[in-house]
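*Asks:* Please work from the sequences and hints to get the whole structure.
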Amino acid sequence: MKWLVRILFALGAMAIVGALGVVGMYYYIKPELPSVAVLKDVRLQTPMRVYSADGELISQFGEKRRIPLNIEDMPPLLIKAFLDTEDSRFYEHPGIDFVGLGRAAVNLVLTGHKSQGASTITMQLARNFFLTREKTYIRKIKEMFIAWHIEQLLSKNEILELYLNKIELGHRAFGVGAAAQVYYGKDVKDLTLPEMAVLAGLPKAPSTLNPISSPERALARRNVVLARMKDMGDITQAQYDDASTAPNTAKYHGAEITLSAHYVAEMVRQEMVDLFGEDAAYGEGYQVFTTINSKDQRAAQQAVITNVLNYDRRHGWRGPAQKLKDWPWDESKIQDFLKGQMTYTPLIPAVVTAVQDQSATVEVKGKGKLELDWAAMDWARPFINENRQGPAPDKASEIVAPGDLVYVRPHGDGWLLAQIPEVNSAFVSLRPQDGAIEALVGGFNYYLSKYNRVTQAKRQVGSNIKPFIYSAALDNGFTLASLVNDAPINQWDRSQGYAWRPKNSPPVYNGPTRLRMGLAESKNVMSVRLLRAVGIDTVIDRLSDFGFPREDLPRNESLALGSASLTPMNVARGFSAIANGGFLVTPYLIDKVEDGYGNLVWMATPKVACAECEQMLAKAKPWPVANDQEAAMDAAFAQLQGSGDVSWQEQCPVSYIGSNRLAPRAISAQTAFLVTQAMESTIWGGGSWNHGTGWNGTGWRAARELKRHDIAGKTGTTNESKDAWFSGFMPDLQATSWIGYDTYQHELGGTTRMKAITDDPIFGKEGGAKSAQPPWNAYMKVALDGIPEEGFPVPPGIVTVRIDRETGKLTRATDYTSRFEYFKAGTEPKTFARDTLANPFDGPLQPSQSSNDDIFAPAEPQKTGN
1 MKWLVRILFA LGAMAIVGAL GVVGMYYYIK PELPSVAVLK DVRLQTPMRV
51 YSADGELISQ FGEKRRIPLN IEDMPPLLIK AFLDTEDSRF YEHPGIDFVG
101 LGRAAVNLVL TGHKSQGAST ITMQLARNFF LTREKTYIRK IKEMFIAWHI
151 EQLLSKNEIL ELYLNKIELG HRAFGVGAAA QVYYGKDVKD LTLPEMAVLA
201 GLPKAPSTLN PISSPERALA RRNVVLARMK DMGDITQAQY DDASTAPNTA
251 KYHGAEITLS AHYVAEMVRQ EMVDLFGEDA AYGEGYQVFT TINSKDQRAA
301 QQAVITNVLN YDRRHGWRGP AQKLKDWPWD ESKIQDFLKG QMTYTPLIPA
351 VVTAVQDQSA TVEVKGKGKL ELDWAAMDWA RPFINENRQG PAPDKASEIV
401 APGDLVYVRP HGDGWLLAQI PEVNSAFVSL RPQDGAIEAL VGGFNYYLSK
451 YNRVTQAKRQ VGSNIKPFIY SAALDNGFTL ASLVNDAPIN QWDRSQGYAW
501 RPKNSPPVYN GPTRLRMGLA ESKNVMSVRL LRAVGIDTVI DRLSDFGFPR
551 EDLPRNESLA LGSASLTPMN VARGFSAIAN GGFLVTPYLI DKVEDGYGNL
601 VWMATPKVAC AECEQMLAKA KPWPVANDQE AAMDAAFAQL QGSGDVSWQE
651 QCPVSYIGSN RLAPRAISAQ TAFLVTQAME STIWGGGSWN HGTGWNGTGW
701 RAARELKRHD IAGKTGTTNE SKDAWFSGFM PDLQATSWIG YDTYQHELGG
751 TTRMKAITDD PIFGKEGGAK SAQPPWNAYM KVALDGIPEE GFPVPPGIVT
801 VRIDRETGKL TRATDYTSRF EYFKAGTEPK TFARDTLANP FDGPLQPSQS
851 SNDDIFAPAE PQKTGN
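FYI, the numbering for the sequence shown is 1 to 866, going by the numbering used here.
Take the hints with a grain of salt, since some may be wrong.
What the hints assert, rightly or not - No farther apart than 25 Å at their CA atoms in a straight line, the calculated lysine-lysine pairs in the PhoX-like style are these: (1) Lys295 x Lys323; (2) Lys166 x Lys251; (3) Lys369 x Lys395; (4) Lys186 x Lys251; (5) Lys339 x Lys325; (6) Lys809 x Lys770; (7) Lys295 x Lys781; (8) Lys333 x Lys295; (9) Lys323 x Lys365; (10) Lys365 x Lys64; (11) Lys295 x Lys80; (12) Lys251 x Lys365; (13) Lys770 x Lys781; (14) Lys251 x Lys64; (15) Lys2 x Lys80; (16) Lys333 x Lys365; (17) Lys367 x Lys323; (18) Lys230 x Lys64.
Claimed, not checked - Here are the in silico distance ranges between beta carbons for each label pair: (19) Ile141 x Asp187: 53 to 59 Å; (20) Asp732 x Ala487: 35 to 41 Å; (21) Tyr252 x Asp732: 38 to 44 Å; (22) Ile787 x Asn128: 49 to 55 Å; (23) Glu278 x Asp732: 32 to 38 Å; (24) Thr306 x Glu278: 52 to 58 Å; (25) Gly535 x Ala813: 35 to 41 Å.
In case anyone wonders, no lab produced these hints; they're calculated from the structure.
Yeah, the Cβ is synthetic: ideal placement off N, Cα and C, and Gly gets one too.
*Replies:* Below, the structure written as structure tokens:
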């Protein structure tokens, strides 16, 4: 009896000491326990996903792939698979499974090894969120306390949902949603039983049990899970038999990119980091919807690639990319070598293994052996210099040899010999009404060069500058019918000691020429004379109105020829202001940002071009707030809204309402319309009139290919042809194309020559129309498909009169010597071209005078001629 008392006393003391120890340990660990707020606001690190405007996935950023799901969206059988395998008593214990702990303790005493089966799902959650993976007793104790604490704060379903979204499942997949995509390319609801069992077997060792790296181990572990599910009564014997013999169907599925646009993705990444910070941008699961139109983006990318390859091919074959040493190689060595070579879509590396008379056998990366016939390689005249190629080859051995590393590209049903181009290109398309970027291509290939030429490359704009200079002239005494002398300029510069002689290209001079024709034919000397007449300060002020940085505008007459260096985005923005009727919009790429649950967290509020809104505001003048345009506009809107007159709502789109939404003006609507008219002549006419037989503008290829009259454009080629441009638009879409060299390097006479950016010309007989316009035409052909033709709207204050083509004065002639021309009201000519046709009426001409019906016409869009 005495011994029994002692034993009971000892046990009681041990219990008290143990309890005190547990309490002491709890207070020791308590400061590290998570708060209710932390647990309720656990943020799963979820990658940022970038989409086009129409929902195609462009890119995904973030180290961890995770697709958060509500527990209601997870298949019950998948949940059962995890519970049966990881914690079958999950809904019964308080976060700590004392039965499992006891079993683990006995196992430790008997074997000396720690059991892996003592951790509950709640304990695993505690470890994953709040602790390290170090295997120490103190960590295990902390784990148990945190698990118990979590169970007090969250429901069982909340805990299970966090666990199934958090658990690491290999290949950077965290949570069952991401794992289903990574291994099977499926949503969780579409998983089969054996696939669910594979995922449920991964938490034990995701790196060594996953079905991609270790398929045999994964299948063995899958069958353990299936057996556990059968024992727990969650699947039948028949289900077990079928699932346990199913083959391994897992393979790696990357992010489901459906629209590859790397330059766009990188721009979005940078902007998101600026908006939200790096940690949030990469881990908060933001869904970023861009302004990119997927159809237009694909068209732009294909147009740039095709044009660059065509340009490169026109200038000859520079030889193989590399000659392999110690040739010949066996096939396995060739394949291993090719695996290490980059593919620059559509260019694929290949090794020449045999050369026949007029064909070659190549081993192509990922494709095996292919034959290049003579049609695939007969273009390869040897490159000599910028303007010359060698003679056309007669046989394949003059082009390639066995052991050459070359590139090939698919073409129709066959393949073409190709090479990595040295020239590069950029393309950007904007929606003129608000600056939304519809398509953007920063270069030939992102992996070849991550340099985004749309936003980073400042290049001389050449004749692309002229429409903006003409706009200044049209606001300073000139009209489209004004005559400017198209004659050579020879000006001695005393300070420099030489004469400045700007020339037309080609060097053809027509004498007195109307402004419309001067812009259509891109007459250099006329642009210089206009700059002189208007004044360089006035021109620079006007160019800055279009958003061109003043620091990039040289204060000399070379500005008239396009010596300013601007980015393609600068240029596209400027032309958008002409296209939209004179408003300076700001290009933007991100339309809206949602969190992982579809809640809107950020939305763009671009300033828009809205002539109707502007007119409604004008009706509300005088503005009640002086010296503060934005406040005045707010007050004006308030006046309109409180006036009871709702007619303005029909004319001014509701989404545009608000003073901060109306873009500032760069030029008047009338000036924008007149410049557009001259740019239409670039497309539909710009050369000498041949008695009604037709004439060509510098952008005539657009007229031939697009066959529509609602397009306006301008070519641009810089001095010595270092850059080539084409910019153009229709009422609802603007696009700018550039082609040129970043740096230039090739073998010549046994030496390697490098040149700086500004030293490399677009090769012989190339220019804006030939080199930069083809991708613009190809893009517009796709982008405008199905869009009906619409004329540029004629703004108020524009009149039309019939003029003599030669003099720009009034005429009654109705043959090829005349045309209708647009003028700002009050600037139209008042005299006739010939004395015999002098105005028979006293006073100024009026459109209402019936005798002049053959002179005046309604101000409506006309077919464009010269």
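*Asks:* Decide, hint by hint, whether the structure agrees.
*Replies:* Verification of the supplied hints:
1. Distance check on the hinted pair: Lys295 and Lys323 sit about 40 Å apart at the alpha-carbon level, beyond 25 Å; violated.
2. Restraint check for Lys166 and Lys251: satisfied, since their Cα atoms lie roughly 22 Å apart, inside the 25 Å limit.
3. With a C-alpha separation of about 20 Å, the suggested pairing of Lys369 with Lys395 holds against the 25 Å cut-off.
4. Distance check on the hinted pair: Lys186 and Lys251 sit about 11 Å apart at the alpha-carbon level, within 25 Å; holds.
5. Using a Cα cut-off of 25 Å, the hinted pair Lys339 and Lys325 holds, with the two alpha carbons roughly 17 Å apart.
6. For the hint pairing Lys809 with Lys770, the CA-to-CA distance comes to about 35 Å; that exceeds 25 Å, so the pair is violated.
7. In summary, the hint linking Lys295 to Lys781 is supported, as the alpha carbons are separated by about 12 Å, within the 25 Å threshold.
8. With a C-alpha separation of about 41 Å, the suggested pairing of Lys333 with Lys295 is violated against the 25 Å cut-off.
9. Restraint check: the Cα-Cα separation between Lys323 and Lys365 comes to about 17 Å, which is no more than 25 Å; the hinted pair holds.
10. For a cut-off of 25 Å, the pair hint linking Lys365 to Lys64 is broken: about 30 Å separates their Cα positions.
11. In summary, the hint linking Lys295 to Lys80 is not supported, as the alpha carbons are separated by about 44 Å, beyond the 25 Å threshold.
12. For the suggested pair Lys251 and Lys365, the alpha carbons sit about 21 Å apart, so the restraint of at most 25 Å is met.
13. The straight-line distance between the Cα atoms of Lys770 and Lys781 is roughly 17 Å, inside the 25 Å bound, and the hint therefore holds.
14. With a C-alpha separation of about 18 Å, the suggested pairing of Lys251 with Lys64 holds against the 25 Å cut-off.
15. Simply put, Lys2 and Lys80 have alpha-carbon atoms about 53 Å apart, too far for the 25 Å limit, and the pair is violated.
16. A C-alpha spacing of about 12 Å is found between Lys333 and Lys365, which places the hinted pair at or below 25 Å, so the restraint holds.
17. As the CA atoms of Lys367 and Lys323 are separated by approximately 21 Å, the hinted pair is consistent with the 25 Å bound.
18. Note on Lys230 and Lys64: the hinted pairing is violated, with a Cα-Cα distance of about 33 Å set against a maximum of 25 Å.
19. In this structure the hint that Ile141 and Asp187 lie 53 to 59 Å apart at CB is violated, the actual value being about 40 Å.
20. Roughly 40 Å separates the CB atoms of Asp732 and Ala487, a value that falls within the hinted 35 to 41 Å.
21. Between Tyr252 and Asp732, the C-beta spacing of about 42 Å keeps the proposed range 38 to 44 Å intact.
22. The given range of 49 to 55 Å is respected by Ile787 and Asn128, whose C-beta atoms sit roughly 53 Å from each other.
23. At about 37 Å, the beta-carbon gap between Glu278 and Asp732 stays in the expected band of 32 to 38 Å.
24. For the pair Thr306 and Glu278, the beta carbons lie near 37 Å from each other, so the given range of 52 to 58 Å is not met.
25. Hint check: Gly535 to Ala813, Cβ distance near 36 Å, so the stated range 35 to 41 Å holds.
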